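Could you slot chains Y and V onto chain A? The hints should help.
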Amino acid sequence: MISTFFRRDRLLLWGGMLLVGILLPRFSSSGLMISLLCQIGIMMIFALSYNVLLGQTGLLSFGHAIYYGAGAFATMHLLNAIGKEGSVVHVALLPLGGGVAALLLGILLGWVTTKKAGTTFAMISLGIGEMVAASSLMFPVVFGGEAGVSGNRVIDKIGLFGVTFGPQVQVYYLIVAWVFVAAMGMFALTQTPLGRMANAVRDNPERAEFVGYNTQWVRYIMLVLSGFFAGIAGGLTALTYEIVTAETLNAYTSGAVLLMTFVGGIGFFYGPMIGAILIVIMQILVGGITHAWQLYFGLLFLFMVLRAPGGFASLIAIQRRLYAAGLFGRVAPWYLVSGIPGALMLVGLIGLIEMTYAALSDEEGEGAIATIKLLGEDYALNTFGPWLAAAAVTLAGYALLQLANRRLFREWNGALATLQGDND
Amino acid sequence: MTAAIQLQGVTKNFGRTEIIKGVNLTIDRGERHAIIGPNGAGKSTLFHLISSRFPVTAGQIFLKGEEVTGLRPFEINRKGLSRSFQVTNIFHNLSVFENLRCAVLWSLGYKYSFWHRLAGLKDAHHRAEQVMEDIGLSRRHETPAGILSYAEQRALEIGITIASGADVILLDEPTAGMSKSETEDAVALIRRVTEGKTLVMVEHDMGVVFGLADRISVLVYGEIIATGTPEEIRASVAVKEAYLGTSVDHD
Amino acid sequence: MSNLEFILVTLLNGVTYGLLLFMLSSGLTLIFSMMGVLNFAHASFYMLGAYFAYQISTWVGFWPGLLVAPLLVGAIGALVERYGLRAAHRYGHVAELLFTFGLAFFMEEIVHLIWGRNSVDYRIPDELDGTLFTLFSTDFPIYKGFMMGISVAMLVALYVMLTRTRVGLIIQAALTKPDMVEALGHNVPRIFMLVFGGGSALAGLAGVIGGNAFVTEPGMAAAVGSIVFVVVVVGGLGSLGGAFVASILLGCIQTFSIAMTVSLSDIFALVGISLDKTPSISRLTITQLAPILPYLLMVAILIFRPRGLMGARES
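Protein chains in written order, with this note's numbering: chain A, -3 to 420; chain Y, 160 to 410; chain V, 16 to 330.
Chain A on its own, in the form it takes in the complex (with noise of 0.2 Å):
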């Protein structure tokens, strides 16, 4: 009965999904919203191969966009061989070749970089990343030096349909078939007998040893598995940007996706996909307000190692949780009391950090002096008092926060040990 019933919960989220990604255009079609969800998407299935590694197999890989990139680059030569004969089915099954072509780099360099686990596979992963995105700049005939390889994915200029992937919005549309396949597509893994073993690998690799697994064999596979989807992110991003230039295998890639994963949380399926939702908002609006964004992105994701490792996943599974034994209730103002102060101290922080900026950046010439617009007027960044004033808002929102918190933090306890006391 209970499975049955999960059975279709999960068919309805899935199903809830792809109707989501849909009618999302619907809503908005400007020219920056649907490139915003096509970055959400390709980063969604990339994310998602991450965490095939990190959260099912426990291998924390620092050069994982080495097979997005082969996948990048692999699709982009394709488009450019199928040239004048092909159709549009062929473009849209490209990104499958992507996958092919990083399954096949997996299988390769795989087997070197999965012979060790833990800290040493880190290692290796970083030092394998340096040497493909290093040798990316010897063969410019394959990735195209620094200006990269372009194409040109309008293939058919009459279409299947009037499918021709000239438009943006098609292109949106073939990402939401390909992040629901490659979804599913990973989200069956994780129901096989290898995937448990993966999970089995990560928790205890002796006694995975013991009950008759090779463990090099097992990080080995996911690995390759892993590329592949990897790859078809990567092919993805060759059909969206008809450039792929070698940024796309480096290190910067590679953190980048660590980050976005770790962030929206590796200890459940769907949260590297949160992560991509939220970093691309972040990368894409707050990085077109401020030079800054990258920094606040290093400081949410130092604050989620120390007090949220489970990520944004996490603490959405234990509001569920409580909410489902009756307990959100008790919890969900002491939210909005730790949640003003909060606000309060992160306003001042980023003022701070702002006026930093404003006052070293070199853009208005020696001498001029900076000064920050807030509200419509503009201060001076010369005298104290916008200095002072940021940072007492900042003092006084962290001080209020921790008086907050500890009433927070007294509630959130108490209705946690009832949850537990219910379930023993």
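To be clear, the hints were calculated from the coordinates, so they are not data collected in a lab.
The reader is advised that the hints may include incorrect statements.
Result set (DSS-like, lysine-lysine): computed pairs, CA atoms no more than 25 Å apart in a straight line [claimed, not checked]:
#	chain 1	residue 1	chain 2	residue 2
1	A	111	Y	270
2	Y	180	Y	399
3	Y	238	A	111
4	Y	223	Y	281
5	Y	270	Y	238
6	Y	238	Y	223
The structure presented is a predicted model; accordingly, all values stated were derived computationally and were not measured.
For chains Y and V alone, kept in the frame of chain A given last:
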């Protein structure tokens, strides 16, 4: 018929210290064999050598007549030898059921499959359910192994060990740290689940040893000084000297 | 330039660079073997050292910076251990690694914020600008000699500290048996803080003397960081001796490969094989291959000697 386990001149050095000094031992099929001895005698080390957790320095190990010296742990496991650990060694974040299902997957031939759906594997499901019932953890079905009580974790440890259906079972101090009544339950459990199999165990509790074992070997300072039935061991002068000469362990 | 001259000069440059790498890898190794933490942000402390020294040199000159910058970096390292790493430790090694990774990211952004995205003009002081000696026809700069001197002095100091002082002996003991040392009543968390701070200070010092020899820019941490990781893998995780050998080896490989302009087809031509028809790959010169050589070495080591050159422990 060949022996279940045969050790020939098995030696293990850690640095310059010789921990196991040329052990010869034959354990017959279907036998319940206990290895006893004072602390630091090398009992656990001997287990680690048989199960290939550590490589031997010298000597040969045969499993059911086939040489297994130098194989990797998973290779020995696939040949039908399964072991438990003194310090509980389970999959902490997985549920009790998942722990047991992981333990049966290889032996049922699913290997590294990513084309089977776990939920559809009736045989794995039934086998895991059955072992769960055998070890008395059915009501803990969905509980993550990490939050089980100590005695429950020890039972799960044995469950994982026997789940694959291996016919040679090594148990390393299965009752360590248990209360009197927990020990009794554990002994009954061991007796039940190793029916018809070869059992080798390291154990400190003499009640358990003399109650369960068909034969006993006494390991002192890396050497087997006596092997025999419980009566023979009780009567052995060498054993008495060894135990009186050192300190007898009663815990 | 004769072959002998080329070899000697490049060797000197390689050893100088290798010693600098060892100042970084020794701290990383000590931190790793004591705390089990692979400090991803280690090279970021190197970067901080360079930037601090630059800032101080613009105010009061190079020499005060030589002392103050490493101390400042060390203090920051100690604070990071006390208030960051220790909190992350509760969630295990992956969380610690992630924390140091986030820290590296964060420090790079801070550098962007304060000093901008371009390189800063951190110069060799006038007193050290000049020729120390001339080898055949090549001038060996004073500053290279100075770098060597500082590195060797640090090396000796580190050795004496580890083998002759009480705290050094405790650190050595804690390397192998942290629980035992704690049981003996030594405050292991405080020693951890000390080691982390000390390792960071060492990295900072490397930054002070390396920043002006090379270039001080926000990307310097990432560039050196991955090489230092290669050093640690090649030398063997947790082995100071291995880290030393690997540092010198990699230092020499990098300087030699950058200085050599022969291509693969030239090498094959020496043994009589002509590769004229084959495409780009054989026309690559050793110099062009230089960036990937360390990683190729790492892969080779992993395949043929997974424990590293002198590693004691597996994994």
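Here is how each hint holds up against the structure:
Under the criterion of a C-alpha separation no larger than 25 Å, the hint pairing residue 111 of chain A with residue 270 of chain Y is consistent with the structure, at around 19 Å. For the given pair, residue 180 of chain Y sits about 21 Å from residue 399 of chain Y by alpha-carbon distance, which is consistent with the 25 Å threshold. In summary, the hint linking residue 238 of chain Y to residue 111 of chain A is supported, as the alpha carbons are separated by about 24 Å, within the 25 Å threshold. Under the criterion of a C-alpha separation no larger than 25 Å, the hint pairing residue 223 of chain Y with residue 281 of chain Y is inconsistent with the structure, at around 30 Å.
With a C-alpha separation of about 14 Å, the suggested pair residue 270 of chain Y and residue 238 of chain Y falls inside the 25 Å cut-off, and the hint holds. With a C-alpha separation of about 9 Å, the suggested pair residue 238 of chain Y and residue 223 of chain Y falls inside the 25 Å cut-off, and the hint holds.
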